[in-house]
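Starting from the given sequences, assemble the full structure and let the hints guide the process.
Remember, the numbering used here sits 18 above the position in the sequence shown when you count from 1.
Hints in this document: simulated from the structure, not taken from any laboratory. Be aware that one or more of the hints could be misleading.
[Stated by the list, open to error] Derived lysine-lysine pairs resembling DSSO-like cross-links, with alpha carbons at most 27 angstroms apart:
1. 107 / 57
2. 240 / 198
3. 131 / 194
4. 187 / 108
5. 416 / 376
6. 376 / 352
7. 107 / 90
8. 444 / 454
9. 60 / 83
10. 202 / 187
11. 90 / 115
12. 454 / 416
[Said to hold, decoys possible] Here are the in silico distance ranges between beta carbons for each label pair:
13. 386 / 456: 30 to 38 angstroms
14. 215 / 56: 49 to 57 angstroms
15. 104 / 369: 57 to 65 angstroms
16. 369 / 189: 57 to 65 angstroms
17. 293 / 215: 38 to 46 angstroms
18. 446 / 354: 35 to 43 angstroms
19. 386 / 283: 33 to 41 angstroms
20. 286 / 124: 34 to 42 angstroms
21. 173 / 293: 43 to 51 angstroms
22. 354 / 386: 14 to 22 angstroms
We put the beta carbon where it would ideally sit given N, CA and C, even for glycine.
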Amino acid sequence: MSLMSGDEAKEEIEEHQVVQGVVEGYEAEGEEVNTELDKYWKAVRDNPGDFTGWTYLLQYVEQEKKLDQARKAYDAFFEHYPYCYGYWKKYADMEKKQSGAEKALEVFERGTKAISLSVELWLHYITFYTEEFGKAGKLRDRIISVREEIFKKTEDEVSKRWNFEEAIKRPYFHVKPLEKSQLKNWKDYLDFEIEAGDHERVVILFERCMIATALYEDFWLKYAKYMEDHSVEAVRLVYMRACRIHLPKKPYISLAWAAFEERHGNYDLASQILSELDKNVPGLVMVNMRKISLERRKGNTAMAETLFQEYINGASQPEISSFFSIKFARYLLKIIGDTERARATLQSAVEKDRGNIKLYLQLLDLEYQCRPISEENVIKIFASILDCENFPLETKAKMSQRKLEFLEDFCASITTLKESYDEHQKLMKDLHNERKKRPSDAVSSEEPAEKRPKVEATQNGSGDQSQMTGAVDPYYGHWGSYANSGYSYPPQQWGYGQHYYPS
Numbered sequence: 019m020s021l022m023s024g025d026e027a028k029e030e031i032e033e034h035q036v037v038q039g040v041v042e043g044y045e046a047e048g049e050e051v052n053t054e055l056d057k058y059w060k061a062v063r064d065n066p067g068d069f070t071g072w073t074y075l076l077q078y079v080e081q082e083k084k085l086d087q088a089r090k091a092y093d094a095f096f097e098h099y100p101y102c103y104g105y106w107k108k109y110a111d112m113e114k115k116q117s118g119a120e121k122a123l124e125v126f127e128r129g130t131k132a133i134s135l136s137v138e139l140w141l142h143y144i145t146f147y148t149e150e151f152g153k154a155g156k157l158r159d160r161i162i163s164v165r166e167e168i169f170k171k172t173e174d175e176v177s178k179r180w181n182f183e184e185a186i187k188r189p190y191f192h193v194k195p196l197e198k199s200q201l202k203n204w205k206d207y208l209d210f211e212i213e214a215g216d217h218e219r220v221v222i223l224f225e226r227c228m229i230a231t232a233l234y235e236d237f238w239l240k241y242a243k244y245m246e247d248h249s250v251e252a253v254r255l256v257y258m259r260a261c262r263i264h265l266p267k268k269p270y271i272s273l274a275w276a277a278f279e280e281r282h283g284n285y286d287l288a289s290q291i292l293s294e295l296d297k298n299v300p301g302l303v304m305v306n307m308r309k310i311s312l313e314r315r316k317g318n319t320a321m322a323e324t325l326f327q328e329y330i331n332g333a334s335q336p337e338i339s340s341f342f343s344i345k346f347a348r349y350l351l352k353i354i355g356d357t358e359r360a361r362a363t364l365q366s367a368v369e370k371d372r373g374n375i376k377l378y379l380q381l382l383d384l385e386y387q388c389r390p391i392s393e394e395n396v397i398k399i400f401a402s403i404l405d406c407e408n409f410p411l412e413t414k415a416k417m418s419q420r421k422l423e424f425l426e427d428f429c430a431s432i433t434t435l436k437e438s439y440d441e442h443q444k445l446m447k448d449l450h451n452e453r454k455k456r457p458s459d460a461v462s463s464e465e466p467a468e469k470r471p472k473v474e475a476t477q478n479g480s481g482d483q484s485q486m487t488g489a490v491d492p493y494y495g496h497w498g499s500y501a502n503s504g505y506s507y508p509p510q511q512w513g514y515g516q517h518y519y520p521s
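The structure is reproduced here in structure tokens:
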């Protein structure tokens with residue numbers, strides 16, 4: 019199976035941009051707009067992934083029998099769903115009825131090029147050609163010659179593949195999710211062919227598979243990974259088809275494409291891919307961080323800092339702003355070597371999000387890394403935590419314990435140490451009294467996890483792998499490393515006083 023050259027890929031991108039302009043600029047042509055037609059166009063402009071909206075549009079233009087409008091609708095539809103062989107057939111039938119066999123032939127040629135392994139579309143094509151131009155002749159010979167060699171090579175191994183072929187229940191494209199058994203069969207079939215080692219056969223099977231699994235990014239990623247050992251340009255075309263046609267709102271496939279281009283030195287294209295993803299699915303922290311990291315690896319520190327500031331100031335939630343502030347402070351401290359700016363960044367974040375303990379922990383971490391360590395700065399941070407009304411007594415007790423441990427290691431004044439010890443004892447007494455006043459169920463919730471009754475976990479096995487329609491929280495998945503920071507060790511029982519002060 020042949021792959022597109024670089025020039026052909028460029029032409030395809032330009033054609034995509036032209037058709038996209040039809041969708042976005044339908045009303046800008048100066049012609050009088052049909053109110054009903056404009057309603058259907060608006061639906062697909064607002065949400066190009068709405069398959070039902072496209073079907074309504076195509077039904078309408080076909081009923082109206084206005085060929086120019088119908089052509090625009092079909093061309094725009096196939097930019098998003100090129101594997102729908104039934105609509106290629108409808109398009110060809112419409113052209114045959116309204117403009118003649120030659121135009122219908124052009125549609126069939128386009129369709130078989132877009133979905134070259136669709137047996138159903140080829141059968142419709144042959145039937146049409148036979149009816150309109152006599153016996154298929156050269157067309158049939160061309161189809162047979164292309165497949166004859168493949169057939170001879172695979173004939174001896176048909177029995178090995180028969181179970182896989184029999185298990186394929188939906189070889190055509192549809193927006194409805196595939197059954198898990200179907201997905202597993204495709205995966206096992208691909209693994210079998212890859213292990214067999216016939217590259218041409220593997221590519222053909224991947225192309226067949228992608229017709230049915232076009233909305234599953236795992237299969238596109240598997241295809242791209244396989245092609246990396248064979249052709250850089252082929253990998254790029256796989257990513258291009260996945261990200262710009264079938265899965266423009268799935269983040270992981272676009273992130274993989276951007277990483278691929280960066281590995282090959284195409285920094286501008288990698289940045290463009292990330293920007294397109296950010297536009298299609300705004301607000302994903304992982305995308306924002308990948309854009310920053312790309313600029314950092316390029317050595318463009320000015321742009322990296324600009325992006326950090328943009329995301330900090332434009333965050334929709336204080337927690338997200340704090341997340342970027344922590345990342346920015348670490349960048350300033352470890353990459354730029356500017357401790358003062360790092361400290362100022364965290365202090366500014368604390369002013370906006372006083373109840374976020376992670377910010378205080380990062381401030382402490384920053385001070386611990388300074389040489390020499392500033393006892394005054396560390397004590398101020400602990401004081402701000404203990405004086406903050408946003409934190410419960412449990413949190414304050416833990417931080418007070420850590421303050422004592424710090425003073426034991428670094429404090430230059432025994433008086434300060436004694437005062438902190440007395441404050442800690444008072445805090446522990448307040449905490450003890452508060453716990454005594456709580457209901458029994460609240461107290462039991464503080465028991466260690468291993469002592470609590472075990473609850474059977476439930477699993478959700480009904481995940482829909484079709485085009486992403488729901489938003490994923492872009493924030494909480496990035497905090498894990500901070501929860502496991504150096505400040506999360508369990509506090510030791512403070513026994514300093516028993517050695518210095520008589521009871």
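Which numbered hints are broken by the structure, listed smallest first?
As far as the earlier hints go, not one is violated by this structure.
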